[in-house]
Amino acid sequence: GQQVMQIPQYQHVQEGEDFTTYCNSSTTLSNIQWYKQRPGGHPVFLIQLVKSGEVKKQKRLTFQFGEAKKNSSLHITATQTTDVGTYFCAANDYKLSFGAGTTVTVRA
Amino acid sequence: ETGVTQSPTHLIKTRGQQVTLRCSSQSGHNTVSWYQQALGQGPQFIFQYYREEENGRGNFPPRFSGLQFPNYSSELNVNALELDDSALYLCASSRARTDTQYFGPGTRLTVL
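Listed in order, the protein sequences are those of chains A and B. So the first sequence is numbered by this note's numbering: it starts at 1 and just counts up by one. So the second sequence is numbered by this note's numbering: it starts at 1 and just counts up by one.
Bear in mind the hints are in silico, worked out from the structure with no lab data behind them. Beta carbons are placed, not taken as given, at the ideal position from N, Cα and C, and that holds for glycine. Be aware that one or more of the hints could be misleading.
To be verified - The following label-pair restraints were derived from C-beta to C-beta distances: (1) A/Thr28 x B/Asp84: 30 to 40 Å; (2) B/Glu54 x A/Phe45: 19 to 29 Å; (3) A/Lys59 x B/Ser7: 28 to 38 Å; (4) B/Leu39 x A/Lys70: 22 to 32 Å; (5) A/Arg60 x B/Gln41: 21 to 31 Å.
Just need the whole structure built from these sequences, with the hints factored in.
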């Protein structure tokens, strides 16, 4: 099955700063999905990217799918305490193959 | 809220016992997928049910089995529990096999 790797594993961010988390695959992906899991919670769907080079924005979150459809990124601007959690990318070919996630903590 | 519900919320079992976890899918969804999430890791795919048939299976032994009912709700059964089975078990429903999956709150299983 498809495998995705995420970096960094942990991201400690000062409130108000920006950060980016990356998702990489050795194979071409049909699509990539992003989920957010709050501490003690369950994964919540954020977005799906399908097209090569696709860029989608949700308020302060910007998602990008690479031209070769082998990588994706999530960029968050002006980080807030509500951004705390673990962000997962997942390849979807009927089953979701999740990366290990990037766990984000925010310093106020 | 996704409309996907799971029961029970928490469960404590001992090694060798059997457990059944339940999931009600979101209205209009005919596909249910089950995932195991160990502490600090991403969810791992167990299997998927589509219209009451198993549609695919991850790298889990046969003691992990499931069912889907005519109303598209689903059960995950685990026999001969092992300590490593301690995890958060998530079900996710979707409108179709490859459609976006929406997760329930999960069942936290502890095996002692």
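We went through each hint and held it up to the structure:
For the pair A/Thr28 and B/Asp84, the beta carbons lie near 33 Å from each other, so the given range of 30 to 40 Å is met. B/Glu54 and A/Phe45 have their C-beta atoms about 24 Å apart, which keeps the hinted 19 to 29 Å range intact. Take A/Lys59 and B/Ser7: their Cβ atoms lie about 34 Å apart, and the range 28 to 38 Å holds. At about 29 Å, the CB distance of B/Leu39 to A/Lys70 agrees with the hint of 22 to 32 Å.
The given range of 21 to 31 Å is respected by A/Arg60 and B/Gln41, whose C-beta atoms sit roughly 27 Å from each other.
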